[in-house]
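Q: Construct the complete structure from the given sequences, taking the supplied hints into account.
Protein chains in written order, with our numbering: chain A, 44 to 264; chain B, 44 to 264; chain C, 329 to 529; chain D, 329 to 529; chain E, 214 to 461; chain F, 11 to 82.
These are computed hints drawn from the structure, not numbers from a lab.
Errors might be hidden in some of the hints.
[Said to hold, decoys possible] Examples of chain B residues lying across from chain D (beta carbon under 8 Å, computed):
# : residue
1 : N45
2 : G121
3 : Q125
4 : M126
5 : V127
6 : S238
7 : I261
8 : L263
[Unchecked claim] Okay, the calculated bits of chain E under chain B, using three or more residues with CB under 8 Å as the criterion:
#  : segment
9  : 225-232
10 : 351-361
11 : 391-397
12 : 418-427
We put the CB at the ideal spot given by N, CA and C, even for glycine.
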Amino acid sequence: MNAVLAVIRRDLLLAMRRKSEVLTALFFFVIVTSLFPLGIGPEPALLKKIAPGVLWVAALLATMLGLQRMFAADHADGTLEQMVLSPTPLGLLVGGKIAAHWMLSGLPLVLLAPVLGLQFDLDVGALGVLMLALLLGTPLLSLIGAIGAALTLGLRGGGVLLSLLVLPLYVPALIFGAGAVEAHIAGLGAGGHLSLLAALLALAAFFAPWATTAALRIALE
Amino acid sequence: MNAVLAVIRRDLLLAMRRKSEVLTALFFFVIVTSLFPLGIGPEPALLKKIAPGVLWVAALLATMLGLQRMFAADHADGTLEQMVLSPTPLGLLVGGKIAAHWMLSGLPLVLLAPVLGLQFDLDVGALGVLMLALLLGTPLLSLIGAIGAALTLGLRGGGVLLSLLVLPLYVPALIFGAGAVEAHIAGLGAGGHLSLLAALLALAAFFAPWATTAALRIALE
Amino acid sequence: MLSIHGLSCVRGERRLFAGLDFAVGPGEWLHVRGENGAGKTSLLRLLVGLMAPAEGEIRWNGENVRTLGEDYRRHLLFLGHHGAVKEELSALENLQLASQLDGDALADRSALAALHRFGLKGREELPVRFLSAGQKRRVLLARLVTKQAKLWILDEPFTALDVKAVDMLSALIGEHLADGGMAILTSHQAMPIPGGRELQL
Amino acid sequence: MLSIHGLSCVRGERRLFAGLDFAVGPGEWLHVRGENGAGKTSLLRLLVGLMAPAEGEIRWNGENVRTLGEDYRRHLLFLGHHGAVKEELSALENLQLASQLDGDALADRSALAALHRFGLKGREELPVRFLSAGQKRRVLLARLVTKQAKLWILDEPFTALDVKAVDMLSALIGEHLADGGMAILTSHQAMPIPGGRELQL
Amino acid sequence: MNNKLIHWFKYASPQSFYPLAGKMIPWFWGLAAAFGVVGLWLSFFVAPTDAQQGEGYRIIFVHVPASWMSMFIYLVLAAWAGLGLALNTRLSGMMASALAPTGALMAFLALWTGAFWGKPMWGTWWVWDARITSELILFFLYLGFIALQAAIDDPRRADKAGAILALVGVVNVPIIYFSVKWWNTLHQGSSVSVGKSSMAVTMLWGMLFMALCFWMYSIAVALMRVRAIILEREAHTEWVKELNEVKS
Amino acid sequence: MIWNSPAEFFAMGGYALYVWGSFGVCAIALAMEPILVRKRQNQILQSLRRERIADELENEVSEKAHARESGR
Ligand code: HEM
Ligand SMILES: Nc1ncnc2c1ncn2[C@@H]1O[C@H](COP(=O)(O)OP(=O)(O)OP(=O)(O)O)[C@@H](O)[C@H]1O
Ligand SMILES: Nc1ncnc2c1ncn2[C@@H]1O[C@H](COP(=O)(O)OP(=O)(O)OP(=O)(O)O)[C@@H](O)[C@H]1O
Ligand SMILES: [Mg+2]
Ligand SMILES: [Mg+2]
Numbered sequence: 044m045n046a047v048l049a050v051i052r053r054d055l056l057l058a059m060r061r062k063s064e065v066l067t068a069l070f071f072f073v074i075v076t077s078l079f080p081l082g083i084g085p086e087p088a089l090l091k092k093i094a095p096g097v098l099w100v101a102a103l104l105a106t107m108l109g110l111q112r113m114f115a116a117d118h119a120d121g122t123l124e125q126m127v128l129s130p131t132p133l134g135l136l137v138g139g140k141i142a143a144h145w146m147l148s149g150l151p152l153v154l155l156a157p158v159l160g161l162q163f164d165l166d167v168g169a170l171g172v173l174m175l176a177l178l179l180g181t182p183l184l185s186l187i188g189a190i191g192a193a194l195t196l197g198l199r200g201g202g203v204l205l206s207l208l209v210l211p212l213y214v215p216a217l218i219f220g221a222g223a224v225e226a227h228i229a230g231l232g233a234g235g236h237l238s239l240l241a242a243l244l245a246l247a248a249f250f251a252p253w254a255t256t257a258a259l260r261i262a263l264e
Numbered sequence: 044m045n046a047v048l049a050v051i052r053r054d055l056l057l058a059m060r061r062k063s064e065v066l067t068a069l070f071f072f073v074i075v076t077s078l079f080p081l082g083i084g085p086e087p088a089l090l091k092k093i094a095p096g097v098l099w100v101a102a103l104l105a106t107m108l109g110l111q112r113m114f115a116a117d118h119a120d121g122t123l124e125q126m127v128l129s130p131t132p133l134g135l136l137v138g139g140k141i142a143a144h145w146m147l148s149g150l151p152l153v154l155l156a157p158v159l160g161l162q163f164d165l166d167v168g169a170l171g172v173l174m175l176a177l178l179l180g181t182p183l184l185s186l187i188g189a190i191g192a193a194l195t196l197g198l199r200g201g202g203v204l205l206s207l208l209v210l211p212l213y214v215p216a217l218i219f220g221a222g223a224v225e226a227h228i229a230g231l232g233a234g235g236h237l238s239l240l241a242a243l244l245a246l247a248a249f250f251a252p253w254a255t256t257a258a259l260r261i262a263l264e
Numbered sequence: 329m330l331s332i333h334g335l336s337c338v339r340g341e342r343r344l345f346a347g348l349d350f351a352v353g354p355g356e357w358l359h360v361r362g363e364n365g366a367g368k369t370s371l372l373r374l375l376v377g378l379m380a381p382a383e384g385e386i387r388w389n390g391e392n393v394r395t396l397g398e399d400y401r402r403h404l405l406f407l408g409h410h411g412a413v414k415e416e417l418s419a420l421e422n423l424q425l426a427s428q429l430d431g432d433a434l435a436d437r438s439a440l441a442a443l444h445r446f447g448l449k450g451r452e453e454l455p456v457r458f459l460s461a462g463q464k465r466r467v468l469l470a471r472l473v474t475k476q477a478k479l480w481i482l483d484e485p486f487t488a489l490d491v492k493a494v495d496m497l498s499a500l501i502g503e504h505l506a507d508g509g510m511a512i513l514t515s516h517q518a519m520p521i522p523g524g525r526e527l528q529l
Numbered sequence: 329m330l331s332i333h334g335l336s337c338v339r340g341e342r343r344l345f346a347g348l349d350f351a352v353g354p355g356e357w358l359h360v361r362g363e364n365g366a367g368k369t370s371l372l373r374l375l376v377g378l379m380a381p382a383e384g385e386i387r388w389n390g391e392n393v394r395t396l397g398e399d400y401r402r403h404l405l406f407l408g409h410h411g412a413v414k415e416e417l418s419a420l421e422n423l424q425l426a427s428q429l430d431g432d433a434l435a436d437r438s439a440l441a442a443l444h445r446f447g448l449k450g451r452e453e454l455p456v457r458f459l460s461a462g463q464k465r466r467v468l469l470a471r472l473v474t475k476q477a478k479l480w481i482l483d484e485p486f487t488a489l490d491v492k493a494v495d496m497l498s499a500l501i502g503e504h505l506a507d508g509g510m511a512i513l514t515s516h517q518a519m520p521i522p523g524g525r526e527l528q529l
Numbered sequence: 214m215n216n217k218l219i220h221w222f223k224y225a226s227p228q229s230f231y232p233l234a235g236k237m238i239p240w241f242w243g244l245a246a247a248f249g250v251v252g253l254w255l256s257f258f259v260a261p262t263d264a265q266q267g268e269g270y271r272i273i274f275v276h277v278p279a280s281w282m283s284m285f286i287y288l289v290l291a292a293w294a295g296l297g298l299a300l301n302t303r304l305s306g307m308m309a310s311a312l313a314p315t316g317a318l319m320a321f322l323a324l325w326t327g328a329f330w331g332k333p334m335w336g337t338w339w340v341w342d343a344r345i346t347s348e349l350i351l352f353f354l355y356l357g358f359i360a361l362q363a364a365i366d367d368p369r370r371a372d373k374a375g376a377i378l379a380l381v382g383v384v385n386v387p388i389i390y391f392s393v394k395w396w397n398t399l400h401q402g403s404s405v406s407v408g409k410s411s412m413a414v415t416m417l418w419g420m421l422f423m424a425l426c427f428w429m430y431s432i433a434v435a436l437m438r439v440r441a442i443i444l445e446r447e448a449h450t451e452w453v454k455e456l457n458e459v460k461s
Numbered sequence: 011m012i013w014n015s016p017a018e019f020f021a022m023g024g025y026a027l028y029v030w031g032s033f034g035v036c037a038i039a040l041a042m043e044p045i046l047v048r049k050r051q052n053q054i055l056q057s058l059r060r061e062r063i064a065d066e067l068e069n070e071v072s073e074k075a076h077a078r079e080s081g082r
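A: Structure, rendered in structure tokens:
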């Protein structure tokens, strides 16, 4: 357990040291969402309608950006080998890395989303649902993403290949996440969507570290 | 001149060797555009309205993904040092790398965009304008992106920092590019937007290699 | 005690070695030699379990290391060609984090002592990126002092080290052996450590 | 002829060396020595122009290399700590692309000859990633044969090489010097090349 | 280990499977051709004109088999992949890689024929209907599998990594399907559901025969491809060098 | 028979483009795939044969050398 905390602490420390890293996933999120009004035009009704979808797609892309680096640096400098050789089970350490990734790329989005939602003229209730959906959805993204990151590890064309592998798997999170907000706006109640999201999260929390560990071992052979 | 062709050939060869790389920028484009309807909902009228914006934002993100690797691999393994030490002027070699980047990440998008346009129910004329706008716009994205890639080289948090630097610079391309298609759909004629895009391209073709070279020299010091 | 039985290694379609048998007991060390590409690194990676052998078995005190798992890794320290140091972190942080990964915390005091022993005084807080090739290597080697492991498996530990550091490291390995430790090393140079057997690949 | 006048190097707040003067003429070679972190790599990077000196000047045939630019770089071959080889490409492709970067094409025949000379027969087409540490190094060193440069600047060229390769490389450097070439090398080991001066940092 | 298992493992070795597959291929081609001829005859000359869609509905005779096969092949692929991970047999990975391109092709054909059906029936090449969207995502999953395997050049590693991806995918396919379906029906808009209640019996037979044809075709092509893969991967073994094809 | 003339058959009740566009692409794809697989198989066989010939040549050379050795 100590080792897991050490992994989380280390990843956070590294991110702080690279300074830019903490804030930039966030800025990417902000910039991508801000690009849409520029590309689509300023009509408020239209913007409000597409807001949940745009916010979720942006969140998805923002979490995906950091994925590639999740194991790559550790792989390149040999730390990953040391992790495999550590007495702590690899699955736990991987869990730590996933948690750190979420804290760096998921959590900030959850906290910032309401501000961006305001730009799209969402009301308070919808903002709450948006935050809750992101809170359930972003760990799911990190968990699924970790599998992709491990599978593409050491493959030089990895970054884009990773998105090819991971984005299709993100579809349910996107649909239920954006769906929750839309259902709330339409007055249908977001409960169903949110509980499905939670169920998916539980499923992924169970399987993803296992699959990631298996993929990492293969990458290191 | 020989050396420039060698650089282009080498980058294309490397991409082929990593096999997936050629097709995946393309697939990223396809997948990201396909995500939007999933987030926003299937209403054709709404989708048609946001199509130019979505396609352009996706194109922008797809070109941006490959940017980080533009110089990173060469930097990490010391090839960049050898390029600086080569008797050929660095500016030319950099031009070659930018050209290769465009061929790998811009050109395929231009060719595939019409198919995706069909998914959003755009008509033939709009598809033509879309292709033309992308043909002018994607080299611009590669040129501007190269500056960002060079500036963030060797900064470990580079990937996300890069998007932070580059995306704001992409805004004019986005506005004129998506604007051209929207203007055409609205029956206003796309000529003005397209010629502005062409002017930007000329300007960037002139300055960007120079700025990139300067940034690279700084990164290597 | 580490013992190897009929070990073979295949990389790609190339058989690097086959039917290898040897054992290393307390206080013994093995010098793996061979030309470039002979399979020294591959052998070490097999021994620590980063690669699976094509044939044969690796046993720790008589038990297969595959089944032992953590109980084997706890006694093991492997330093490879790779730096395994984070360029953004300082030498001190690197050392402490490496220990934490093994599940034990390392006090500032002992970490600093280890670094000083390796001649990094005054560079403890500098990001490793700024260190010279040899200094980076020394940061890595400082783990020899901080991790209590019975079996050291070191791939070309003397690379990039200057003469003084080579002597220092040899002395350290000597102490480890005198304490009943075991070591398996590769190196292209002659090794200034008494005793030890050679394995020619 | 390369000559250095009052060269100083500052990294961070550390002054690594100052007021360095020396010259290397045709057929001469210089062995840069010093402990880890003394500034050997920094000196070489200054010489090739990858870093700017804090003080002093570097001249090639009497002219400052900053003003000479390409005319200096054409005569120069620098091989550093880094591999400068692409892991996905084969040894052959790496060698040919490196030549093309310098503006001259390299025929398959001469590239293969260079690789065979460095004992890479049968590995020409394998992605470099699969090669051993020493073999990767040899791919890099093959450039010594294929690029016609007057001044060789090599940072620890003997790292990771086995005994045979070390002899081979020494012979190669000897030939180069006999042809009127110049060389500046760093190494922690004694160098089996006759002649040459030492520079202690 | 009992005898049956040994027997099974014998055929699971590439060496004995290679000639076996060679013997099976002509049979499957024959079956595919026979079913194809009957199916095409039924679909063009026996099945009556549809009351609503006129002759355009005949696309169903390739659309539905392609759609079914694209989904079925993914299941088979994942099964082989799982078997490979569990038992560490080399052949399983080869079968999985051999199936993927055919599956992707089937998914592509389903999309293509669907689009060519949609234009005359719905007036648009594409709608974001649940079934259609999930087929698109299935296509992406195939491409991801192929791209991943292509990016790894050690075949053993490629097999294992591909297997993990296939298994993760197979867990996800139903989730994706239901999520998309729900997404779509919640804010129902434009998608037109096909009136299929009054499907004539001859149409059913036609579809059935065409589906059998596609099925046999897929097996035949996959076997051909697996033979090529076996040769590529085992090129350095003695038994390959002793093959008659190689000697001549 | 439900068609009165070949022309009517090919016209497909006005849906020619769509019906033949679907069936045609399917036919092309299903015909191309085995051809491509066949090509792949032939390529690998070709290189295997070449390798075999090279092996044989090498053996001959070494055998000759051996014969000369023992002859001396
Ligand atoms: C790109 C567009 C399309 C795609 C990707 C697509 C995909 C699919 C898939 C995956 C299936 C099998 C699913 C199942 O059996 O539940 C299917 C079946 C079917 N499709 Fe499509 N389709 C498309 C367009 C169309 C169009 C335009 C029509 C007709 C107007 C159509 C009519 C049918 C029918 C009748 C079936 C079989 C019904 C059944 O077995 O449930 N499809 N399609
Ligand atoms: N896929 C492959 N196909 C063929 N040969 C391979 C493949 N992968 C690795 N090899 C060979 O396996 C050997 C690996 O050697 P290894 O790294 O163990 O050597 P080493 O003894 O550590 O050498 P060095 O002294 O250079 O470090 C190399 O000769 C390499 O060429
Ligand atoms: N920013 C900085 N602040 C303080 N010291 C620095 C900084 N950057 C580099 N240094 C020091 O400068 C020196 C660089 O040494 P250099 O790499 O030239 O050594 P070297 O002689 O090549 O050593 P080695 O034999 O280990 O390769 C190191 O001692 C390093 O600690
Ligand atoms: Mg080695
Ligand atoms: Mg150095």
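Q: Now tell me if each hint is right for this structure.
A: Against the structure, the hints come out as follows:
With a cut of 8 Å, the hint placing N45/B at the interface with chain D holds, because the nearest CB-to-CB distance is about 6 Å. With its C-beta approaching chain D no nearer than about 3 Å, G121/B sits inside the 8 Å limit, and its interface hint holds. Of the supplied interface hints, the one on Q125/B holds, with its beta-carbon coming within about 6 Å of a beta-carbon of chain D, less than 8 Å. Satisfaction of the interface hint for M126/B is found here, the shortest Cβ-Cβ separation to chain D being roughly 6 Å, below the 8 Å cut-off.
Among the interface hints, the one on V127/B holds; its C-beta lies about 7 Å from the nearest C-beta in chain D, closer than the 8 Å criterion. Because the closest C-beta pair between S238/B and chain D is about 38 Å apart, greater than 8 Å, the hint is violated. Taken as an interface hint, I261/B does not check out: its beta carbon lies about 11 Å from the nearest beta carbon of chain D, beyond 8 Å. A distance limit of 8 Å between C-beta atoms decides the matter here; for L263/B the minimum to chain D is near 6 Å, and the interface restraint holds.
Here's how the segment 225-232 of chain E fares: 0 of its residues keep a CB closer than 8 Å to some CB of chain B, so the rule of at least three is not met and the hint is violated. With 4 residues carrying a beta carbon less than 8 Å from a beta carbon of chain B, the segment 351-361 of chain E meets the three-residue requirement, and the given coverage holds. Judged by the Cβ-Cβ criterion of 8 Å, the segment 391-397 of chain E is covered by chain B as claimed, because 3 of its residues qualify and three suffice. Given a C-beta distance limit of less than 8 Å, the hint that chain B covers the segment 418-427 of chain E is violated, as 0 residues qualify and 3 are needed.
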